[in-house]
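Q: From first to last, the protein sequence lines are chains A and B. First residue of the first sequence? That's 119 in the working numbering, and the numbers climb one at a time after it. First residue of the second sequence? That's 349 in the working numbering, and the numbers climb one at a time after it.
Note that these hints are calculated values from the structure, not bench results. Where is the CB? At the ideal position from N, CA and C, for every residue including glycine. None of the hints are false.
If the Cβ cut is set under 7 Å, some of the chain B residues that face chain A in the computed set are:
1. 498
2. 499
3. 500
4. 501
5. 502
6. 503
7. 504
8. 515
9. 516
10. 517
11. 519
12. 521
13. 546
14. 548
15. 549
16. 550
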Amino acid sequence: MIDTDDSIHLCKLLKLENISCANSYDLRLDSKVSHLRSGQIELGIIWVLDKVCLPILIGVIGRIIGDKIINRLKSKNDELEKINTQIEIKIVDDNLSIISIKHNGDAEKLMKILEGLKND
Amino acid sequence: MTRKKQRKNQMDYIMSNGLKISKRWRNLMFTKKFSLANKLCHEFIQKNKKELNKYKYSNSEKKYYKLWRLLILFKTMQDYTELSQLTQDIMWHKEYKITEKIWDKKCDCTDRINTILDCCSGVIIDEILIFLSTLEEIFENEFGCGLYASPGFIIDKFVCSICLQDTRACTHINGRLYDGKICKNKPLHLQLDHISAVVNPKDKRCRIWPWNKKEDGTIEMCFLTLFAVDDFLSK
Numbered sequence: 119m120i121d122t123d124d125s126i127h128l129c130k131l132l133k134l135e136n137i138s139c140a141n142s143y144d145l146r147l148d149s150k151v152s153h154l155r156s157g158q159i160e161l162g163i164i165w166v167l168d169k170v171c172l173p174i175l176i177g178v179i180g181r182i183i184g185d186k187i188i189n190r191l192k193s194k195n196d197e198l199e200k201i202n203t204q205i206e207i208k209i210v211d212d213n214l215s216i217i218s219i220k221h222n223g224d225a226e227k228l229m230k231i232l233e234g235l236k237n238d
Numbered sequence: 349m350t351r352k353k354q355r356k357n358q359m360d361y362i363m364s365n366g367l368k369i370s371k372r373w374r375n376l377m378f379t380k381k382f383s384l385a386n387k388l389c390h391e392f393i394q395k396n397k398k399e400l401n402k403y404k405y406s407n408s409e410k411k412y413y414k415l416w417r418l419l420i421l422f423k424t425m426q427d428y429t430e431l432s433q434l435t436q437d438i439m440w441h442k443e444y445k446i447t448e449k450i451w452d453k454k455c456d457c458t459d460r461i462n463t464i465l466d467c468c469s470g471v472i473i474d475e476i477l478i479f480l481s482t483l484e485e486i487f488e489n490e491f492g493c494g495l496y497a498s499p500g501f502i503i504d505k506f507v508c509s510i511c512l513q514d515t516r517a518c519t520h521i522n523g524r525l526y527d528g529k530i531c532k533n534k535p536l537h538l539q540l541d542h543i544s545a546v547v548n549p550k551d552k553r554c555r556i557w558p559w560n561k562k563e564d565g566t567i568e569m570c571f572l573t574l575f576a577v578d579d580f581l582s583k
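Based on the provided sequences and hints, a complete structural model is requested.
A: Put into C-alpha cells, the structure is as follows:
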C-alpha cells in the first residue's frame, strides 16, 4: 500500500474540520509515500463510514482542487488548464452495502459528480 | 548614528540606486546594447547580494524581503536581456540548441516574474510580460503545446519541519505559517519510481524535444531540474 502526498494533505484538512478519520499511519500500516511532480491530484481510496461527513469531505476536496487551479493560474498568467484527478470514494450504507465512485479525469467533472452526490 | 538608522539609510540608497540603474538598463535595451545591459544587472546583483545576507542574520525580515524582491527583479531583467539577445535572429527557432536554451531561459524568467508580480508593477514588468507572452505564442505556433517529462517518486516518509514528525502524524499544513516559521515537508529516502510523459507538467523545463530522439529509439531528455527563483543568490 502506498499513500500519496495529496491524500495525506486531505486527511489533515479533514482532521482540522473535526472529522474523525484515520490514515495509514493511524492504522499502523507500514506504507511509503508517492510524490508526483505534475499537475495531477491523486487522492487514492477514501472510505466514508458515516454519510454525515460527506458535505465536509466534498468541500475539502473542492478546496484542494481550487488551490491547485490557483497555483496553475499564477504560474501560467491566465491560461486555464484542466487538472486531472484520481479518486475512489467508497461509502458504507446503513445496510452495510458499499457504494463506490471511481473517477480518473477532469477535476471540474469530479466536482459536478460530488455536488450531485451531496444533493442525493 | 545608530545601527538601525544606518541600515535604513543603506536600504534607501540601494532602492534609489536600483531605480537609477533600471533607467540606464532601459536605455541600453532600447539601443540593443545587450552585453552592457546584462553586465549592469549582474553587477547590481553581485554588489547587493552580500547586503541581503546581513539582513538575513539581523532581525529585519521586511527589509530582507524588500531587497530579495529587488534582486529577483534584476535577475528577471537579466533573463529578459539574454532572451532578447538570443532572439535577435528571427530564424532562431530553426536552431535546435538555441531553441532549447531560449525555452529554459523563458521558463526561468516566467517563474521569477510571477514571484514578484504581486508586489511589483511598472513599465519594465509590463514590457517583460508582453515579451514572454509573444515568445510563448511563437513556441506554440512552431512546436505545439509539447510533451513533458514528469517524474514520480517513492519516499519512505515526509518529515514536517515544524514538529519533525512523519507528516501523517501531525496536523501542520505544508506552506502555512506557524509562529513565524513556514511548514515544509522534507522527503526522507527519495527514490525515483517512474517518468511519465505529460502535457501538464509541474516543471516546463523538462520538455521533450522531437530532435533529441536517437536512431535506436531512445530519447535524451531532462526529467528533473533544481531551479529555484533565488538560486543565483547562493552561487
